[in-house]
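**Student:** The listed protein sequences derive, respectively, from chains A and B. Quick note on full-length UniProt numbering: the first sequence kicks off at 1 and runs consecutively. Quick note on full-length UniProt numbering: the second sequence kicks off at 1 and runs consecutively.
Simulated from the structure, these hints should not be mistaken for laboratory data. This one's a predicted model, so the numbers in the text were calculated from it and none came from an experiment. Some hints could be false.
The list treats identical chains as one, so a pair stands whether inside a single copy or across any two.
[Said to hold, decoys possible] List time: in silico DSSO-like cross-link candidates among lysine-lysine, alpha-carbon distance up to 30 angstroms:
id, residue 1, residue 2
1, LYS261, LYS247
2, LYS171, LYS194
3, LYS12, LYS396
4, LYS266, LYS160
5, LYS160, LYS261
6, LYS167, LYS266
7, LYS266, LYS9
8, LYS396, LYS253
9, LYS430, LYS388
10, LYS289, LYS266
11, LYS253, LYS394
12, LYS322, LYS294
13, LYS266, LYS16
14, LYS289, LYS403
15, LYS294, LYS171
16, LYS16, LYS289
17, LYS253, LYS435
18, LYS180, LYS364
19, LYS261, LYS16
20, LYS289, LYS167
21, LYS12, LYS26
Protein chains: 2
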Amino acid sequence: MYLWKTMEKAFKNLIKSEFPYLSTAKLLIAVSGGLDSVVLVHLCKSAKMEFSIAHCNFNLRGEESDADESFVMDLGDALDVEVFTENFDTEAYAQDAKVSIQMAARDLRYNWFNELSAALNFDYILTAHHANDNLETFLINLIRGTGLDGLTGIRTENEKIIRPLIKFSRKEIESYAREKNIPWREDSSNASPKYLRNKIRLEVIPIMEEINSQLLEGFAQTQSHLNESLNLVEDYIGLLYSEIVSKDAHGYKLNIEILEKIPNTKAVLYQLLRSFGFTEWDDIHGLLKAQPGKMVFSATHRLIKDRNFLLLTEIPSEKNNKIYKILEGDDIVMLPIGTFVFEEVTEILEKGTHCIYVAQETLKYPLTLRKWKEGDIFHPFGMKGKKKISDFFKDKKLSLPEKENCWLLCSQDKILWVVNHRADARFAIKDPSNKILKITYSV
Amino acid sequence: MYLWKTMEKAFKNLIKSEFPYLSTAKLLIAVSGGLDSVVLVHLCKSAKMEFSIAHCNFNLRGEESDADESFVMDLGDALDVEVFTENFDTEAYAQDAKVSIQMAARDLRYNWFNELSAALNFDYILTAHHANDNLETFLINLIRGTGLDGLTGIRTENEKIIRPLIKFSRKEIESYAREKNIPWREDSSNASPKYLRNKIRLEVIPIMEEINSQLLEGFAQTQSHLNESLNLVEDYIGLLYSEIVSKDAHGYKLNIEILEKIPNTKAVLYQLLRSFGFTEWDDIHGLLKAQPGKMVFSATHRLIKDRNFLLLTEIPSEKNNKIYKILEGDDIVMLPIGTFVFEEVTEILEKGTHCIYVAQETLKYPLTLRKWKEGDIFHPFGMKGKKKISDFFKDKKLSLPEKENCWLLCSQDKILWVVNHRADARFAIKDPSNKILKITYSV
Chain A
1 MYLWKTMEKA FKNLIKSEFP YLSTAKLLIA VSGGLDSVVL VHLCKSAKME
51 FSIAHCNFNL RGEESDADES FVMDLGDALD VEVFTENFDT EAYAQDAKVS
101 IQMAARDLRY NWFNELSAAL NFDYILTAHH ANDNLETFLI NLIRGTGLDG
151 LTGIRTENEK IIRPLIKFSR KEIESYAREK NIPWREDSSN ASPKYLRNKI
201 RLEVIPIMEE INSQLLEGFA QTQSHLNESL NLVEDYIGLL YSEIVSKDAH
251 GYKLNIEILE KIPNTKAVLY QLLRSFGFTE WDDIHGLLKA QPGKMVFSAT
301 HRLIKDRNFL LLTEIPSEKN NKIYKILEGD DIVMLPIGTF VFEEVTEILE
351 KGTHCIYVAQ ETLKYPLTLR KWKEGDIFHP FGMKGKKKIS DFFKDKKLSL
401 PEKENCWLLC SQDKILWVVN HRADARFAIK DPSNKILKIT YSV
Chain B
1 MYLWKTMEKA FKNLIKSEFP YLSTAKLLIA VSGGLDSVVL VHLCKSAKME
51 FSIAHCNFNL RGEESDADES FVMDLGDALD VEVFTENFDT EAYAQDAKVS
101 IQMAARDLRY NWFNELSAAL NFDYILTAHH ANDNLETFLI NLIRGTGLDG
151 LTGIRTENEK IIRPLIKFSR KEIESYAREK NIPWREDSSN ASPKYLRNKI
201 RLEVIPIMEE INSQLLEGFA QTQSHLNESL NLVEDYIGLL YSEIVSKDAH
251 GYKLNIEILE KIPNTKAVLY QLLRSFGFTE WDDIHGLLKA QPGKMVFSAT
301 HRLIKDRNFL LLTEIPSEKN NKIYKILEGD DIVMLPIGTF VFEEVTEILE
351 KGTHCIYVAQ ETLKYPLTLR KWKEGDIFHP FGMKGKKKIS DFFKDKKLSL
401 PEKENCWLLC SQDKILWVVN HRADARFAIK DPSNKILKIT YSV
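For reference, chain A alone in the conformation it holds in the complex (with noise of 0.2 angstroms):
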């Protein structure tokens, strides 16, 4: 039986049995013009797929790009097939955006399918990736340095992307297009060690070739190997999560007693805030020993020594001096923090900390709202004498994040209220002839 054949009726099966909803969609290819989409086509063709073409000109190689386009739209028009084309200034982009042309290439490339299948109600969209290119992206992460999710092949987030050619070998794939004379487009830039792509696929693959030649067939088994045991640790983070990990206003907490109760604790602590731009994993396993209120920062979050969690927050972005104003006669007043409502009563009924009961000539208008700052000295309500608001905070056993949330209702310099914690003693009905004012806070 000639190669093609085999190759056909493996597609077909491979179809059938493992994307069998692939036979009733609307399917949108990806073409270059290159060896794999063009030989995509023909397979897909041959199993009687229903589908159009979608090629790229990236505009990269001048003339060369120009002919891939007409390649593409001939191939077309030989299977009969509908093609879209777009062309991008793939070098303005990746200069706009700050990435490298590949990344450029790969962004375009993506949002415009996306776009086409919405606009035109594709179902999936097909690529032609095919064995060696996993065995390629392995081999480049392996040589940059990576983890076990570097090595695991193109897992896809976006299922509506399909790669039905991922258990080909390149050589299987040329060989067919050999065999059936099918002609396809080659970039020139394939033949040059000087990308790294290309180096690996032209000088290591075949040495590794030469040792075993059932290379891709071993390859194939130990990603699916090297997945499923990826697979195991995020069931076992997700398991720990639900242990480890709670969520509160301010942020997530991390149970500490539990983070020390479980064996590889720094692996755990490093899938659990990967995804956070942390860097200095020792810190932060170190933060499980240290002194409360330390701190270790990525970019983006910082994760703080609390006295039984690690308070994982953003990094306030906002600079502790915003400071809203309330003026003599405001009752409901509605603040990106909460609402504050003031209203004259004649007897203190309801008691709580959400709020207070203020004598109204003691206010000196406009109150002001603002955080905490050192050296802030009040009142307590019920205590003789003033108080540090620091150590307030720290007889609360208040949390950094709990203390950067906290708001101040001042009267001038005098604090009033802190706010949802204890009123200030100045500013206390003392007398029946004071005017009572009721102010309640709520998110």
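Use these hints to put chain B onto chain A, whose structure you have.
**Tutor:** Quick look at chain B alone, frame taken from chain A:
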């Protein structure tokens, strides 16, 4: 500063921080005479550690092997260090043990090291494995096909073996020797790319280093990440093990309900059962939904689908045709399968499945003990008529291992007792004139 000074300092610091216990211990260094082990000896000397040298002459390269031995003896003389040498007939050992020459050398080497250190009280054995060895092993396993554990580097099971050079590269080690004019023996087979490891060393790794000059440092990081992931997988499996697996007299039981509740069941089954030599993981996964009684085999074990459990047992090595004879007058019969006690009694007192009372005159000697076979029938005590043993087992919901381990006590061709389960009515006491024989079984 000279590289050799930097390196001796780095080595000293490494010993201080990672292997502090080595500085006061009695050490044995494995020395082939090659670059790596000779450098290790010099570094240990420079760090003023207390050590002796052990050299294996595997007699695989004729005069070259003997010259290696003399070289190591001279090295010991020069440094005033005791040298132990041993000659091995490696080829003969390999033939006898049916292993490769490499495996034979490995076995001989470590066996002798262990003997030496037991006899002469060495605390640790030092070997000269370095960073490149780990990368080479990684690539060998990758090329052959592997899983996460094949990519995580040497994990020493023997805590007495220490590899203090594992963070140094071959290049550093060679530069150190050249700068200090330290001679070493070049193994001529190291230059031949016909050996897999040499091919990787000489052809694959240099290209990877062209791409990334920091390859080894990056790789050490990569491997430490992979190790952490493997640790997490093992922690997770340890956690699941205690939930899923229980043990009884017949083997291990895996709880199907829990297996079906967790994600990635197939990968978990692989991790739980890999050490038992199974290969058909799809079939094993399929057992969860299979009919009770279905089995999957490895060379040594089988996994049986029972009602609520997968049962893992060794494949019974004994053929099911073992028969024990019990003669008239035997009163205590000790067998590999347990002990039978025969005693005449005057009344029926104790009851239970572990003993029966029979009418002595109904027995025909010798009695026999055998396993059940298809077609066996008996007359269950307490029931009318006869029953197939297989149906009796089925009603009692015995698992296959329980059936296989069940013994039948027979009087000629009649079953007298399904041991530990049910007596036969035909031998029961029916008349006060019967002589009562009590038969007790205990393991």
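**Student:** Are the hints correct? Go through all of them and say.
**Tutor:** Cross-check of the supplied hints:
Proximity of LYS261 to LYS247 under the C-alpha cut-off of 30 angstroms is found in both arrangements, the shortest distances being 21 angstroms within a copy and 27 angstroms between copies. For the homomeric pair LYS171 and LYS194, the shortest alpha-carbon distances inside one copy (22 angstroms) and between copies (25 angstroms) are both at most 30 angstroms. In this homomeric assembly, LYS12 and LYS396 never come within 30 angstroms of each other (Cα to Cα): the closest approach is 69 angstroms inside a single copy and 50 angstroms across copies. Within a single copy, LYS266 and LYS160 get their C-alpha atoms only as close as 36 angstroms, which misses the 30 angstroms cut-off; across copies the closest is 26 angstroms, which meets it.
In this assembly of identical chains, the alpha carbons of LYS160 and LYS261 lie at most 30 angstroms apart only when taken from different copies (28 angstroms versus 42 angstroms within one copy). Taking the closest pair of Cα atoms, LYS167 and LYS266 come within 30 angstroms of each other only across two copies (21 angstroms); inside a single copy the shortest separation is 36 angstroms, beyond that limit. For the identical chains of this complex, LYS266 and LYS9 are inter-copy neighbours only, at 29 angstroms across copies versus 49 angstroms inside a copy, given an alpha-carbon limit of 30 angstroms. For the homomeric pair LYS396 and LYS253, the shortest alpha-carbon distance inside one copy (18 angstroms) is at most 30 angstroms, but the shortest distance between copies (53 angstroms) is not.
Within a single copy, LYS430 and LYS388 get their C-alpha atoms as close as 23 angstroms, which meets the 30 angstroms cut-off; across copies the closest is 97 angstroms, which misses it. Proximity of LYS289 and LYS266 under a CA criterion of 30 angstroms is satisfied intra-copy only: 13 angstroms inside one chain copy versus 39 angstroms between copies. Proximity of LYS253 and LYS394 under a CA criterion of 30 angstroms is satisfied intra-copy only: 19 angstroms inside one chain copy versus 54 angstroms between copies. Taking the closest pair of Cα atoms, LYS322 and LYS294 come within 30 angstroms of each other only inside a single copy of the chain (25 angstroms); across copies the shortest separation is 72 angstroms, beyond that limit.
In this assembly of identical chains, LYS266 and LYS16 lie within 30 angstroms of each other by CA distance solely across copies; the values are 23 angstroms between and 45 angstroms within a copy. Proximity of LYS289 to LYS403 under the C-alpha cut-off of 30 angstroms is restricted to the intra-copy arrangement: shortest distance 22 angstroms within a copy versus 56 angstroms between copies. Proximity of LYS294 to LYS171 under the C-alpha cut-off of 30 angstroms is found in neither arrangement, the shortest distances being 57 angstroms within a copy and 41 angstroms between copies. Only between protomers do LYS16 and LYS289 lie at most 30 angstroms apart by alpha-carbon distance; the minimum there is 23 angstroms, versus 56 angstroms within a single protomer.
For the identical chains of this complex, LYS253 and LYS435 are neighbours neither inside a copy (44 angstroms) nor across copies (77 angstroms), given an alpha-carbon limit of 30 angstroms. With identical chains, the CA atoms of LYS180 and LYS364 are never at most 30 angstroms apart, being 91 angstroms at best within one copy and 82 angstroms at best between copies. Taking the closest pair of Cα atoms, LYS261 and LYS16 come within 30 angstroms of each other only across two copies (28 angstroms); inside a single copy the shortest separation is 48 angstroms, beyond that limit. In the homo-oligomer, the alpha carbons of LYS289 and LYS167 lie at most 30 angstroms apart only across protomers (28 angstroms), although the nearest pairing inside one protomer, at 49 angstroms, exceeds that limit.
Taking the shortest alpha-carbon separations for LYS12 and LYS26, only the intra-copy value of 17 angstroms comes in at or below 30 angstroms, while the best inter-copy value is 67 angstroms.
Going through the hint list in order, the structure does not satisfy hints 3, 15, 17 and 18.
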